[in-house]
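Protein chains in written order, with this note's numbering: chain A, 1 to 319; chain B, 320 to 674; chain C, 675 to 949.
Please keep in mind that the hints were generated in silico from the structure rather than gathered at the bench.
Incorrect hints may have been included.
[Stated by the list, open to error] No more than 25 Å apart at the CA atoms, straight line, and that leaves these computed lysine-lysine pairs for BS3-like:
#1 A:LYS152 x C:LYS711
#2 B:LYS470 x C:LYS840
#3 C:LYS711 x B:LYS339
#4 B:LYS470 x B:LYS420
#5 B:LYS420 x C:LYS773
#6 C:LYS711 x B:LYS528
#7 B:LYS426 x B:LYS497
#8 B:LYS327 x B:LYS536
#9 B:LYS609 x B:LYS588
#10 B:LYS567 x B:LYS536
#11 C:LYS840 x C:LYS773
#12 B:LYS423 x B:LYS470
#13 B:LYS536 x B:LYS503
#14 B:LYS536 x B:LYS580
#15 B:LYS426 x B:LYS324
[Claimed, not checked] Which chain C residues stay away from chain B? Per the calculated CB distances, all over 12 Å, these:
#16 LEU690
#17 ALA712
#18 THR770
#19 LEU780
#20 ILE788
#21 LEU842
#22 SER852
#23 SER855
#24 LEU864
#25 PRO879
#26 GLY895
#27 TYR932
Quantities reported herein were computed from a predicted structural model and do not represent experimental measurements.
C-beta atoms are modelled at their ideal positions from N, C-alpha and C, and glycine is treated no differently.
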Amino acid sequence: MADAKAGAGNAIVGMGRGSYAMLLAFFLGPAVVIYTVFSIYPLFATIFNSLYLRQPDGAYLFNGLGNFQTLLTDTTWSVPFWNAFRNNCYFFFIHMLVQNPIGLALAAMLSLPRLRLRATYRTLIFMPTMLSVVIIGFSWQLILSPLWGISKMFLNALGLGFLFAPWLGQESTALITVSLISVWQFVGIPMILIYTALLAIPEELIDAATVDGLNQFQAFVWVKLPLIFPTIGLVSVLTFVNNFNAFDLIYAMKGALAGPNFSADIMGTLFYRTFFGNQLQLGDLSMGSTIATMMFLIILVGVMCYLFLIQRRMQRYSF
Amino acid sequence: MSEVKIEKLCKSYGPVEVLKDINLTVGDGSFVVLVGPSGCGKSTLLRSIAGLEPVNSGNMTIGGRQVNDLPPAQREIAMVFQSYALYPHMDVYNNMAFGLKFAKTPKAEIEARVNEAARILQLEPLLKRRPRELSGGQRQRVAIGRAIVRKPQVFLFDEPLSNLDAALRINTRVEIAKLHKMLKATIVYVTHDQVEAMTLADKIVVMNKGRVEQAGKPLELYYKPNNLFVAGFIGSPAMNFLPAQVKKGGILALSDGQELKAALPSSCKAGDTVTLGFRPEHMTLGGAGKFALTGIIDIIERLGESGFAHVRLPSGHTVVAEVRGDPRTGSGQSAKLTFDADYLHIFNAEGQRLD
Amino acid sequence: MRKSASAIAVHGILILYTALALFPILLVIMNSFKARKAIFGSPLALPTPTTFSLIGYDRVFGDSSIVSYYLNSITVTGGTIFFTLLFGAMAAWALTEYKFRWNTLLALFLAVGIMVPIRLGSVSIIQLIVELNLINTLTALILVYTAQNLPLSIFILSEFIAQIPKDLREAGRCDGLSEYSIFFYIVLPLIRPAMATVAVFTMIPVWNDLWFPLLLAPTGGKQTITLGIQQFLGQYITDWNAVLSALSTAIIPVLILYVIFSRQLIRGLTSGAVK
Ligand SMILES: Nc1ncnc2c1ncn2[C@@H]1O[C@H](COP(=O)(O)OP(=O)(O)OP(=O)(O)O)[C@@H](O)[C@H]1O
Ligand SMILES: [Mg+2]
Chain A
1 MADAKAGAGN
11 AIVGMGRGSY
21 AMLLAFFLGP
31 AVVIYTVFSI
41 YPLFATIFNS
51 LYLRQPDGAY
61 LFNGLGNFQT
71 LLTDTTWSVP
81 FWNAFRNNCY
91 FFFIHMLVQN
101 PIGLALAAML
111 SLPRLRLRAT
121 YRTLIFMPTM
131 LSVVIIGFSW
141 QLILSPLWGI
151 SKMFLNALGL
161 GFLFAPWLGQ
171 ESTALITVSL
181 ISVWQFVGIP
191 MILIYTALLA
201 IPEELIDAAT
211 VDGLNQFQAF
221 VWVKLPLIFP
231 TIGLVSVLTF
241 VNNFNAFDLI
251 YAMKGALAGP
261 NFSADIMGTL
271 FYRTFFGNQL
281 QLGDLSMGST
291 IATMMFLIIL
301 VGVMCYLFLI
311 QRRMQRYSF
Chain B
320 MSEVKIEKLC
330 KSYGPVEVLK
340 DINLTVGDGS
350 FVVLVGPSGC
360 GKSTLLRSIA
370 GLEPVNSGNM
380 TIGGRQVNDL
390 PPAQREIAMV
400 FQSYALYPHM
410 DVYNNMAFGL
420 KFAKTPKAEI
430 EARVNEAARI
440 LQLEPLLKRR
450 PRELSGGQRQ
460 RVAIGRAIVR
470 KPQVFLFDEP
480 LSNLDAALRI
490 NTRVEIAKLH
500 KMLKATIVYV
510 THDQVEAMTL
520 ADKIVVMNKG
530 RVEQAGKPLE
540 LYYKPNNLFV
550 AGFIGSPAMN
560 FLPAQVKKGG
570 ILALSDGQEL
580 KAALPSSCKA
590 GDTVTLGFRP
600 EHMTLGGAGK
610 FALTGIIDII
620 ERLGESGFAH
630 VRLPSGHTVV
640 AEVRGDPRTG
650 SGQSAKLTFD
660 ADYLHIFNAE
670 GQRLD
Chain C
675 MRKSASAIAV
685 HGILILYTAL
695 ALFPILLVIM
705 NSFKARKAIF
715 GSPLALPTPT
725 TFSLIGYDRV
735 FGDSSIVSYY
745 LNSITVTGGT
755 IFFTLLFGAM
765 AAWALTEYKF
775 RWNTLLALFL
785 AVGIMVPIRL
795 GSVSIIQLIV
805 ELNLINTLTA
815 LILVYTAQNL
825 PLSIFILSEF
835 IAQIPKDLRE
845 AGRCDGLSEY
855 SIFFYIVLPL
865 IRPAMATVAV
875 FTMIPVWNDL
885 WFPLLLAPTG
895 GKQTITLGIQ
905 QFLGQYITDW
915 NAVLSALSTA
925 IIPVLILYVI
935 FSRQLIRGLT
945 SGAVK
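Could you build all of it, start to finish, from the sequences and the hints given here?
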């Protein structure tokens with residue numbers, strides 16, 4: 001007679017507990033081990049590190065939330081931190097205000113019925129997104145360089161030559177220039193995500209709206225836009241996570257110091273500088289971990305907002 | 320010998336009991352059909368026999384061998400799935416040969432068996448095709464072929480014809496009946512289709528809410544249903560039921576005062592409340608049966624050669640009667656329905672048949 | 675009439691934007707084939723026989739390490755894809771097919787990695803890699819990237835595996851396959867399209883990443899091409915021929931692959947996002 005317990009726990013007839021456990025270990029083991037050791041453990045170890053402070057003799061002592069207090073209030077740390085945080089917020093707002101609306105507009109145009117060359121446009125516009133940030137950053141650096149003068153030539157041609165300035169080199173414009181380059185590179189992602197969401201909307205809905213007397217633009221605003229709201233939510237949270245985790249572009253264009261005068265410094269570069277050290281300071285494991293933990297908390301807050309405010313009202317997913 | 324014996328089988332998903340104390344014997348070479356309303360546990364029973372679902376308690380033997388703890392492959396069964404479950408990435412030949420390869424059957428033997436099955440099922444020209452290049456009927460035959468090559472003790476079918484169109488379904492039904500005769504196979508077969516059940520089965524098992532309500536020869540279920548559930552489930556349109564009161568002298572009084580006088584079974588006592596059952600096809604409009612009921616015709620559904628009259632009795636119950644030809648009566652007219660004593664079924668208050 | 679006018683406007687905007695997207699890339703590639711004088715003299719002109727020059731490429735490939743950086747990138751990307759797909763598919767299969775007590779919890783545990791960037795643990799990753807004596811090795815990169823890509827890969831593959839009809843897996847069981855054989859002979863072949871998608875989709879960020887090569891394998895000839903180019907650019911910053919050629923060397927192979935795989939990639943992006 002079959003054991004009732006075994007029947008409940010194990011869905012495979014004729015397999016003992018031992019071999020069932022073996023089976024699970026075989027399939028789940030490698031992924032769980034690699035993921036835990038190289039992703040989850042470092043994350044927690046970093047948070048753990050942020051609670052310790054290095055003593056002059058090299059030992060690490062438990063410091064509670066002291067590192068966070070230092071980071072947020074001691075001016076040696078708090079000034080760069082708040083500067084990087086503020087810059088990162090600008091970086092994010094510029095993406096939200098420029099990248100995502102452009103992505104939405106492009107997606108809306110690409111999803112128009114009977115548009116010719118749709119796939120070609122889509123493929124070409126997505127192309128910069130494929131390339132390494134290093135390449136993009138350097139290419140733009142060349143293009144914006146007064147030495148080469150390409151951008152100046154363009155502005156002259158438009159009669160706007162007086163606008164030209166070494167944007168990347170000025171404190172007042174470095175951040176916005178870098179942000180716009182990042183927008184230029186990554187606009188493909190919101191575009192593709194929104195585009196697919198738009199394609200999934202049944203044609204009949206638009207037909208119904210047309211019958212109701214809406215023109216194409218009104219139909220887009222009142223019918224399609226509300227339906228792709230979940231996707232816009234997703235795009236926003238992806239933008240948030242990516243922006244607060246960004247590093248490559250600024251490092252490639254401006255180096256670890258994110259100059260001039262830290263005007264393009266964001267969390268990622270601050271973290272790198274703090275942990276590895278640079279011309280100005282020595283590397284600091286505790287404070288590096290503290291900054292990483294702050295980044296983690298910021299991203300966590302963003303993701304939580306998304307999950308609880310937006311995702312919860314929409315369809316949930318599960319494995 | 321490939322008898323399937325199931326004793327006291329119980330199975331639950333968490334707190335939900337899906338099979339409750341199932342006892343069933345499938346004789347060697349017999350064709351047993353499981354029927355019952357959707358969700359009653361037919362598939363679960365079949366899958367338990369196959370070893371695809373673990374059971375909580377009970378005993379199963381196939382060919383005298385206890386199989387409770389054997390995996391499907393060692394039970395010497397073959398299953399034909401409703402969706403056919405052909406491997407999409409293999410051609411017809413390999414679909415049939417796949418299991419044999421894993422059983423380390425010698426190559427020549429595999430080839431012989433597959434070719435034999437292909438011959439029987441007329442699949443020879445299709446052996447090199449992929450499942451998606453086949454019609455529904457052809458896929459169905461491949462699925463059966465895959466079962467045949469295994470030379471199982473028992474074939475298990477779960478609604479194998481439900482994805483075919485009406486004409487093909489009748490054809491394939493006949494094919495399966497022939498195949499059963501030819502292979503002398505033991506078969507357990509789940510279906511929703513009453514005609515399939517009645518024509519194919521040596522024995523029909525009617526299930527309801529995880530229990531076996533009655534098992535028996537098709538006509539036995541039709542003429543002597545054990546209880547109200549079976550009576551209502553077998554036959555289409557369904558049997559008419561009317562509540563009645565037993566009075567002295569073998570009189571059955573309906574709630575509207577109409578009375579029938581019958582030779583009542585001994586277990587019927589005056590004062591009992593019973594349910595009377597009679598099938599539409601056993602009633603006639605007018606006619607001269609022993610029993611008669613009168614009422615007003617609500618509507619007559621005419622199908623051509625026959626039709627169904629829905630007659631409302633004064634008590635408010637509606638009775639359906641089959642009418643042959645094209646009766647000249649119509650809605651709103653009063654009608655007299657008659658039927659014979661042989662066809663009257665009486666059930667007690669618990670719904671059990673009284674004989 | 676109005677219809678066609680608006681269609682022209684839409685095409686106009688799209689063409690303008692496409693030009694904006696392609697211009698910097700084409701400009702770099704175009705000028706990499708020119709002599710220094712022409713780069714500055716007529717930056718917008720195509721190379722002509724008189725201005726054509728491969729001097730920059732000579733310099734790039736004269737630095738023989740570029741080729742080995744390419745090989746490093748191929749090894750890292752290939753290894754990551756292989757392990758991400760294999761281990762991801764295995765875990766996805768177990769999570770969708772088998773019941774066990776921690777199933778849901780484990781799925782949630784793995785889902786954390788979809789949203790939380792692994793970079794945040796960099797400090798400890800370095801310590802760990804140093805402790806494992808894997809600093810400046812490609813193995814370190816493969817391990818970290820695999821950990822980084824597994825969650826999404828498991829998520830996407832689970833969705834595909836769940837779509838494989840239950841009957842099919844059970845037919846396999848009736849046919850006498852072990853659970854392992856069901857996975858390798860039935861499930862794996864059936865999710866090949868999904869795996870291609872995940873592969874393309876894993877490949878891009880790994881190939882382009884600068885952060886982990888910088889942290890884990892910055893020297894010793896184990897640089898990936900992205901880091902290698904970055905270091906090369908820093909070295910030759912004033913040699914425009916070399917810089918433009920180095921950039922083009924990094925761009926062109928990716929563009930070719932992109933043109934070949936763009937359909938799969940875009941399908942991957944979208945299926946990964948349908949949550
Ligand atoms: N994996 C499962 N978990 C929980 N309950 C289940 C599961 N599979 C089936 N059930 C339940 O078990 C009962 C019996 O299901 P089963 O599939 O055997 O019904 P069936 O008689 O074959 O129905 P149908 O005629 O619709 O195919 C149903 O109530 C169903 O909801
Ligand atoms: Mg069923």
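Consistency of the hints with the structure:
1. A:LYS152 x C:LYS711: holds, 18 Å
2. B:LYS470 x C:LYS840: holds, 24 Å
3. C:LYS711 x B:LYS339: The hint is violated at about 90 Å.
4. B:LYS470 x B:LYS420: Roughly 14 Å between the alpha carbons, so the hint for B:LYS470 and B:LYS420 holds.
5. B:LYS420 x C:LYS773: violated, 29 Å
6. C:LYS711 x B:LYS528: With Cα atoms ~88 Å apart, C:LYS711 and B:LYS528 exceed 25 Å; violated.
7. B:LYS426 x B:LYS497: violated, 29 Å
8. B:LYS327 x B:LYS536: holds, 22 Å
9. B:LYS609 x B:LYS588: holds, 22 Å
10. B:LYS567 x B:LYS536: At roughly 36 Å apart (the allowed maximum being 25 Å), B:LYS536 and B:LYS567 break the hint.
11. C:LYS840 x C:LYS773: holds, 14 Å
12. B:LYS423 x B:LYS470: holds, 15 Å
13. B:LYS536 x B:LYS503: holds, 18 Å
14. B:LYS536 x B:LYS580: violated, 30 Å
15. B:LYS426 x B:LYS324: violated, 34 Å
16. LEU690: holds, 44 Å
17. ALA712: holds, 55 Å
18. THR770: holds, 16 Å
19. LEU780: Per Cβ check, C:LEU780 is outside 12 Å of chain B; nearest 20 Å; holds.
20. ILE788: Fine: 29 Å to the nearest Cβ keeps C:ILE788 off the interface.
21. LEU842: violated, 5 Å
22. SER852: violated, 8 Å
23. SER855: violated, 7 Å
24. LEU864: violated, 6 Å
25. PRO879: holds, 30 Å
26. GLY895: holds, 43 Å
27. TYR932: holds, 29 Å
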